[in-house]
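**Student:** Sequence:
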Amino acid sequence: MSTFISCLLPFTPYLFSFIIFLILLEQISYLMKKRFIPGPTLVLPFLGNAIPLVKNPTKFWDLQSTIAKASNLGISVNYIVGNFIVFIRDTELSHKVFANVRPNAFHLVGHPFGKKLFGEHNLIYMMGQDHKNLRRRIAPNFTPKALSTYTALQQIIILNHLKTWVNLSEQKKSPIPIRILARDMNLDTSQTVFVGPHLGFKAREGFERDYFLFNVGLMKLPFDFPGTAFRNARLAVDRLTGTLATCTEMSKLKMEKGEEPSCLIDFWMQDTLREMAEANYAGGESPPPFSSNAEIGGYLFDFLFAAQDASTSSLLWAVTLLDSHPEVLAKVREEVAGIWSPESDELITAEQLREMKYTQTVAREVVRYRPPATLVPHIATEEFPLTESYKVPKGAIVFPSVLESSFQGFTEPDRFDPDRFSEERQEDQIYKRNFLAFGAGAHQCVGQRYALNHLVLFIAMFVTLIDFKRDATDGCDEITYVPTICPKDDCRVYLSRRCAQYPSFPRTEQIAK
16 MSTFISCLLP FTPYLFSFII FLILLEQISY LMKKRFIPGP TLVLPFLGNA IPLVKNPTKF
76 WDLQSTIAKA SNLGISVNYI VGNFIVFIRD TELSHKVFAN VRPNAFHLVG HPFGKKLFGE
136 HNLIYMMGQD HKNLRRRIAP NFTPKALSTY TALQQIIILN HLKTWVNLSE QKKSPIPIRI
196 LARDMNLDTS QTVFVGPHLG FKAREGFERD YFLFNVGLMK LPFDFPGTAF RNARLAVDRL
256 TGTLATCTEM SKLKMEKGEE PSCLIDFWMQ DTLREMAEAN YAGGESPPPF SSNAEIGGYL
316 FDFLFAAQDA STSSLLWAVT LLDSHPEVLA KVREEVAGIW SPESDELITA EQLREMKYTQ
376 TVAREVVRYR PPATLVPHIA TEEFPLTESY KVPKGAIVFP SVLESSFQGF TEPDRFDPDR
436 FSEERQEDQI YKRNFLAFGA GAHQCVGQRY ALNHLVLFIA MFVTLIDFKR DATDGCDEIT
496 YVPTICPKDD CRVYLSRRCA QYPSFPRTEQ IAK
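Each residue of the sequence shown is one higher than the one before, starting from 16 at the first, in the working numbering.
Wrong hints could be hidden among the right ones.
[Said to hold, decoys possible] BS3-like, lysine-lysine: derived pairs with alpha carbons at most 25 Å apart:
| no. | residue 1 | residue 2 |
| --- | --- | --- |
| 1 | Lys111 | Lys409 |
| 2 | Lys147 | Lys267 |
| 3 | Lys447 | Lys147 |
| 4 | Lys235 | Lys70 |
| 5 | Lys131 | Lys70 |
| 6 | Lys84 | Lys111 |
| 7 | Lys235 | Lys503 |
| 8 | Lys346 | Lys178 |
| 9 | Lys84 | Lys447 |
| 10 | Lys131 | Lys409 |
| 11 | Lys503 | Lys484 |
| 12 | Lys178 | Lys484 |
| 13 | Lys74 | Lys84 |
| 14 | Lys503 | Lys74 |
| 15 | Lys48 | Lys111 |
| 16 | Lys188 | Lys178 |
| 17 | Lys188 | Lys484 |
| 18 | Lys48 | Lys409 |
| 19 | Lys48 | Lys84 |
| 20 | Lys70 | Lys503 |
| 21 | Lys131 | Lys235 |
| 22 | Lys484 | Lys346 |
| 23 | Lys267 | Lys217 |
| 24 | Lys187 | Lys503 |
| 25 | Lys111 | Lys447 |
| 26 | Lys147 | Lys131 |
| 27 | Lys160 | Lys272 |
| 28 | Lys178 | Lys217 |
| 29 | Lys147 | Lys160 |
| 30 | Lys406 | Lys84 |
| 31 | Lys187 | Lys484 |
| 32 | Lys160 | Lys372 |
| 33 | Lys503 | Lys188 |
[To be verified] Between beta-carbon pairs, the in silico distance windows are:
| no. | residue 1 | residue 2 | range |
| --- | --- | --- | --- |
| 34 | Lys74 | Leu39 | 23 to 33 Å |
| 35 | Leu39 | Gly215 | 53 to 63 Å |
| 36 | Leu39 | Pro241 | 26 to 36 Å |
Since the hints were derived computationally from the structure, they do not count as laboratory data. Think of the CB as a built atom: it goes at the ideal place given N, C-alpha and C, for glycine as much as any other residue.
Construct all of the structure, not just a fragment, from the sequences and the given hints.
**Tutor:** Laid out in structure tokens, this is it:
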């Protein structure tokens, strides 16, 4: 060993010089890409500012926003793990990115290292005609009939979990953090709505463990080595998509028997089997595209990711904002009480849901005021002229900020004001370009109606069935990333039953029939 080291010693100055050369080269490359755009002048080799980003994402992105705003350019830059990044605060520049998702401009990635994490069959990374065709296939999953089936399932699961929350709070006789509880409720909801009876009890347990590993990996650096959180997350995604592919196969068998759809995958497979039969009748030798179990399993995982984490964020902010705005809470309770009563033991119907006009404005304002996914990362596949004077370099990761757009244009945007979405004011139409919580362009969220329905149902049931009060402490409502945004204290609340008795809903198995 000592002989080996002694052999290396003469080369040490050269090795040291080579490392210094690489560091210098990296700095020069960064500065050439940065040009006159505001951002750090010097960055750490390779890591850049990854450590501040992982340690405190909220502070990191707030600083990027402050720099972008102070310069009047609407953009700022930084360097993360070998990647040059561009933060976009200006709404019109964000739209320019959303409108240019194509092979020779921008690719949506959903997460800075998402393509490696999410797997091969993923709706996020598709574009062009293939993307349009797949969205057309997905459309039957969100018809009024399908949404009506989902709302019934959503209410049954919400009720079961709310009763558990209240029991837990009363047992502890102290405030409880509901972030994990809300996440578990949403995972239960997503599993039941998306794949229903095709995911058994034991499969659900494994599913929940793997989804937890996936969530942890989202917030870690992309070190893909055995035992790392990122590797564990990537392997968990493989297992999750495999499980969803099995559910797809089971749904096809069910729909082939002519049974009624009872979950999202059933509606999807009902339409897919019809297209497969038409192709076979026409003499086609191969099945229609995007119809294999593995492909659909991957696309289902996209739905799960979007519904799970984003929805959890919105539910937590709804509780937080209703508590801090008692006048809004009172109006919601009054509206819901005039439309639905828990003593009726009846599920809220689709018609009743549409009648909850004010509650719907509250849901939309929650999403505007605290959009769950604050940033929508894209990769520049070619050099792109973002402004007249600056071209985004090839390979840069571009971050249009949905959160920043939400606080531009609107009347008093810093105020939580549901009336802005009323039929009289219609700020969702007047400032439509600033309302980007569900994205824009070809990749606008296909399930936004489902997501809003879920939020409205939760708000209506939560405020009617439960009395609640936030455990207000300094900084409890500050934003933290997990990976979507939520209150810093995980939304700690005191809970107690408000209604005389809980409604008696049917079981999910009865709805499935």
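**Student:** Please write out, lowest number first, the hints stated earlier that are contradicted by the structure.
**Tutor:** Hint check: nothing fails, all pass.
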